[in-house]
Amino acid sequence: MIALVWLIPAFPLAAFLIAGLFGRRWLGHWTGVIASAAVGLSALLSIGVFLEVLGGKEQTVVPLYRWIGVGDFSVNVAALIDPLSAVMLLVVTVVSFLIFVYSNGYMADDEGFYRFFAWLSLFVFAMLILVMADNYLLMFVGWEGVGLCSYLLIGFWFERPEPYLAAKKAFVMNRIGDWGYTIGIITIFLVFNSMNFLDVFHRLDQSAPAQNVMTIICLALFFGATGKSAQLPLYSWLPDAMEGPTPVSALIHAATMVTSGVYLVARSMPLFVAAGSSLEVVGVVGAITAIFAATIALVQFDIKRVMAYSTVSQLGYMFLALGVGAPVAAIFHLATHAFFKALLFLGSGSVIHGLGGEQDMRKMGGLRRRMPVTFWTMLVAGGALAALPPLAGFWSKDEVVTAAFVNGHAVLYAIGIITALLTAFYVTRALWMTFYGEPRDQHLFDHAHESPTVMTLPLILLGVGTVALGIAIGFPPEQGFIHRFLGPVVEAAGVVEHAPELATILLLAAVSVAAGVVGIAIGVLMYVRHRPDPAAVARAAGPLYRLLVNKYYIDELYDHRIVEAARAIAGASWAFDIHIIDGLANRLGWALAMGGQGLRRLQTGIVGNYALTIMAGLLLMLVAYGGYAAGIFGR
Amino acid sequence: MTVPLGAYIAVSAGLFFIGCAGVLVRRNAVVILMCVELMLNAANLALVAFSRRFGAVDQRGSVFVIFVFVIAAAEVAVGLAIVLSAYRNRPVIDVDEIHQMKG
Numbered sequence: 001m002i003a004l005v006w007l008i009p010a011f012p013l014a015a016f017l018i019a020g021l022f023g024r025r026w027l028g029h030w031t032g033v034i035a036s037a038a039v040g041l042s043a044l045l046s047i048g049v050f051l052e053v054l055g056g057k058e059q060t061v062v063p064l065y066r067w068i069g070v071g072d073f074s075v076n077v078a079a080l081i082d083p084l085s086a087v088m089l090l091v092v093t094v095v096s097f098l099i100f101v102y103s104n105g106y107m108a109d110d111e112g113f114y115r116f117f118a119w120l121s122l123f124v125f126a127m128l129i130l131v132m133a134d135n136y137l138l139m140f141v142g143w144e145g146v147g148l149c150s151y152l153l154i155g156f157w158f159e160r161p162e163p164y165l166a167a168k169k170a171f172v173m174n175r176i177g178d179w180g181y182t183i184g185i186i187t188i189f190l191v192f193n194s195m196n197f198l199d200v201f202h203r204l205d206q207s208a209p210a211q212n213v214m215t216i217i218c219l220a221l222f223f224g225a226t227g228k229s230a231q232l233p234l235y236s237w238l239p240d241a242m243e244g245p246t247p248v249s250a251l252i253h254a255a256t257m258v259t260s261g262v263y264l265v266a267r268s269m270p271l272f273v274a275a276g277s278s279l280e281v282v283g284v285v286g287a288i289t290a291i292f293a294a295t296i297a298l299v300q301f302d303i304k305r306v307m308a309y310s311t312v313s314q315l316g317y318m319f320l321a322l323g324v325g326a327p328v329a330a331i332f333h334l335a336t337h338a339f340f341k342a343l344l345f346l347g348s349g350s351v352i353h354g355l356g357g358e359q360d361m362r363k364m365g366g367l368r369r370r371m372p373v374t375f376w377t378m379l380v381a382g383g384a385l386a387a388l389p390p391l392a393g394f395w396s397k398d399e400v401v402t403a404a405f406v407n408g409h410a411v412l413y414a415i416g417i418i419t420a421l422l423t424a425f426y427v428t429r430a431l432w433m434t435f436y437g438e439p440r441d442q443h444l445f446d447h448a449h450e451s452p453t454v455m456t457l458p459l460i461l462l463g464v465g466t467v468a469l470g471i472a473i474g475f476p477p478e479q480g481f482i483h484r485f486l487g488p489v490v491e492a493a494g495v496v497e498h499a500p501e502l503a504t505i506l507l508l509a510a511v512s513v514a515a516g517v518v519g520i521a522i523g524v525l526m527y528v529r530h531r532p533d534p535a536a537v538a539r540a541a542g543p544l545y546r547l548l549v550n551k552y553y554i555d556e557l558y559d560h561r562i563v564e565a566a567r568a569i570a571g572a573s574w575a576f577d578i579h580i581i582d583g584l585a586n587r588l589g590w591a592l593a594m595g596g597q598g599l600r601r602l603q604t605g606i607v608g609n610y611a612l613t614i615m616a617g618l619l620l621m622l623v624a625y626g627g628y629a630a631g632i633f634g635r
Numbered sequence: 001m002t003v004p005l006g007a008y009i010a011v012s013a014g015l016f017f018i019g020c021a022g023v024l025v026r027r028n029a030v031v032i033l034m035c036v037e038l039m040l041n042a043a044n045l046a047l048v049a050f051s052r053r054f055g056a057v058d059q060r061g062s063v064f065v066i067f068v069f070v071i072a073a074a075e076v077a078v079g080l081a082i083v084l085s086a087y088r089n090r091p092v093i094d095v096d097e098i099h100q101m102k103g
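Respectively, the protein sequence lines represent chains A and B.
Under the numbering used here, the letters of the first sequence match residues 1 to 635, in that order.
Under the numbering used here, the letters of the second sequence match residues 1 to 103, in that order.
Bear in mind the hints are in silico, worked out from the structure with no lab data behind them.
Computed from a predicted model, the values in this text were never measured in an experiment.
Cβ atoms here follow ideal geometry from the backbone N, Cα and C, with glycine treated the same way.
Accuracy of the hints is not assured; some may be wrong.
To be verified - To give an idea of the chain A side of the interface with chain B (calculated C-beta under 7 Å), a few residues:
hint : residue
1    : Leu17
2    : Gly605
3    : Ile606
4    : Leu612
5    : Ala616
Claimed, not checked - Simulated restraints on C-beta separations:
hint : chain 1 : residue 1 : chain 2 : residue 2 : range
6    : B       : Glu37     : A       : Gly598    : 30 to 38 Å
7    : B       : Ala81     : A       : Val70     : 53 to 61 Å
8    : A       : Leu602    : B       : Ile82     : 19 to 27 Å
9    : B       : Ile82     : A       : Met594    : 27 to 35 Å
10   : A       : Thr613    : B       : Arg60     : 29 to 37 Å
11   : A       : Leu602    : B       : Val63     : 33 to 41 Å
12   : A       : Met594    : B       : Ala81     : 36 to 44 Å
13   : B       : Ser85     : A       : Ser573    : 53 to 61 Å
14   : A       : Gly598    : B       : Ala81     : 30 to 38 Å
15   : A       : Gly598    : B       : Phe64     : 37 to 45 Å
Using the sequences and the accompanying hints, generate a full structural model.
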């Protein structure tokens, strides 16, 4: 099965070509069926590959062809299949398949139906290249590919200004991150003379370069990761990316693309371990992002924006785990988060679909009677996000904070617990405002309806995953299946896993659950009992509340400090180009044209004139020669 | 009795300037071609005269004359062809009338 691994990205690529070339004229609604089937086949193959890796094939390189060969430097288009990439393949294809099925219902009435599936298939292809690549350069191809598809899909409804502005913002911010990634891989090439993961890690073992070089490489790569994975300081594109269709938000901006930064750091773990202090940076940035985004999510009213800030926050948890030296916990949380956050987004999409496009939670309420399936599945996902046992989020988030505690990062642990409390609060708030209470907009409520089966079935399947995944691969804590499976990769990277004692695990789990329960309790008190009333709290908090509603004014800060400066530089460059560079070229051309106009008059077309000129020239030459020979002009 | 070299040169110069004046003054394209021919033959005359005078030292003057014959034949062929095609285009052979190719 591993030998067939290149078929996994081939199916989505074929689906992209078919949907893009024939979707509009001939296939109509079959486009979605074909694309879903293609991704389904990829998912089946991924399961096969996963089982084979599980069966003992710990590391296989499947070359496709030689891409670049210069001297002793070569880059192959080759797949590296090990437990880490097998997990990623499985998560990406399975979640993609469910979201593809869902999209058949969600996008059914959109006239860009075929275009949507073409871009979405291209995205899956690029994402698979990203996780399969056996070198940094091929990974970069996938990295840029997912960025491009993200841009195309955020701006899917480009007739309105907000989506295309959001798409532009996402693309530019991703490009800023890509600059870091590029610096990272160029430095890796200069230091190790290779871009292949295995070669680089092997050479690192043999002769480690200077510490500061390693720090540059790791920080540059991590800067790239902050762009893709929406961490501080490059996070602000992700909330705006919610302008895209909801399945896109679920697939690209929650489950897969935004986790590629986590995957990059996990894949480069040997480099980060060798570069000591840069792991601290990763952990601190992750923790700050986690709590920062969670506080913003407390006060948002757009249901998708709450989920977007929640995603930023949960990605922060993953980087926190990486930073404290627990890549297994990070990948575990990545996998469970892919399921429950995709479910939350698809559930939000189902609500939005049922309400005919309304996203403001202040106009919802009481919807649980109208949309029972959506309600129950979102309740499960919300519980997982709030880390309630035995749902998936509990097991993975608990491992993240436990790792922070056990590895001696008390402050990061505290931030993780506080963030867990905030998370439980905002998810309670969001679910209550949407599904409970009295309908706040009777007209919308009357027209609300449950989504068709093609949309609810993926919700149910993701719900099953959300319930079962954590306990299936994460039990018993710290020694679950995921640890045994990813163990070889982590050990090879030089990470030492500290398995804490059972008493510690139970105590820490109790603290996490308590934080979640307290958060939910506060949410219920405020929104169900109105003690205290949310509006009163907002008034009392005054400036703090306004700070949160305005998202810490980060967008304004970027606009005033960076975007305007960039605009000014661009304007000056433009003026220089127009007036100096173009001016010079144009003046030169003008002078030559004028000279030509003058000389043109010499060519009269009258043969006699030409003959006379020839004769005159001949005479002049004779006189000059004769004069010279006679010595008139001196010797 | 031998004719002095100066006499040959004088005749040659005379022929050359007659031809030259013809080229400059006449407007009939065929006549212009004939005048060019006259100039070429003036040059030929000078060449054979010098060749005969200094033949013991150098015979290349005579050889050059053969070249000029060939070139003159080629020149007439091309020139007449141009005149003919110009005439087909517009039924005039007055060179002052043919000035459509001016810049």
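Given A:Leu612 was flagged as interface, is its beta-carbon under 7 Å from a beta-carbon of chain B?
-> For A:Leu612, the interface hint holds, since the closest Cβ of chain B sits about 6 Å away, which is under 7 Å.
Falls inside 19 to 27 Å, the C-beta gap from A:Leu602 to B:Ile82?
-> Given about 21 Å between the Cβ atoms, the range holds.
Note whether the CB distance of A:Leu602 and B:Val63 lies within 33 to 41 Å or breaks it.
-> holds (38 Å)
Satisfaction of the hinted span 30 to 38 Å by the C-beta atoms belonging to A:Gly598 and B:Ala81 | holds (34 Å)
Take the C-beta atom of A:Met594 and the C-beta atom of B:Ala81, compute their distance, and say whether it sits inside 36 to 44 Å.
-> For A:Met594 and B:Ala81 the Cβ distance comes to about 38 Å; the hint holds.
Could one say that the CB atoms of B:Ser85 and A:Ser573 fall in the range 53 to 61 Å?
-> holds (57 Å)
Range hint compliance [Cβ, B:Ile82 to A:Met594, 27 to 35 Å] = Roughly 33 Å apart at Cβ, these two residues keep to the hinted range, so it holds.
Cβ-Cβ distance between A:Thr613 and B:Arg60: within 29 to 37 Å?
-> With Cβ atoms ~31 Å apart, the hint holds.
Do B:Glu37 and A:Gly598 keep their Cβ atoms within the hinted range of 30 to 38 Å?
-> Since B:Glu37 and A:Gly598 have Cβ atoms about 37 Å apart, the given range 30 to 38 Å holds.
Range hint compliance [Cβ, B:Ala81 to A:Val70, 53 to 61 Å] = At 59 Å between Cβs, range holds.
Holds or violated: is the Cβ of A:Gly605 closer than 7 Å to a Cβ in chain B?
-> For A:Gly605, the interface hint holds, since the closest Cβ of chain B sits about 3 Å away, which is under 7 Å.
Chain B contact restraint for A:Ile606 - C-beta distance below 7 Å | holds (5 Å)
In terms of the numbered hints stated before, the structure departs from hints 1 and 5, listed from lowest to highest.
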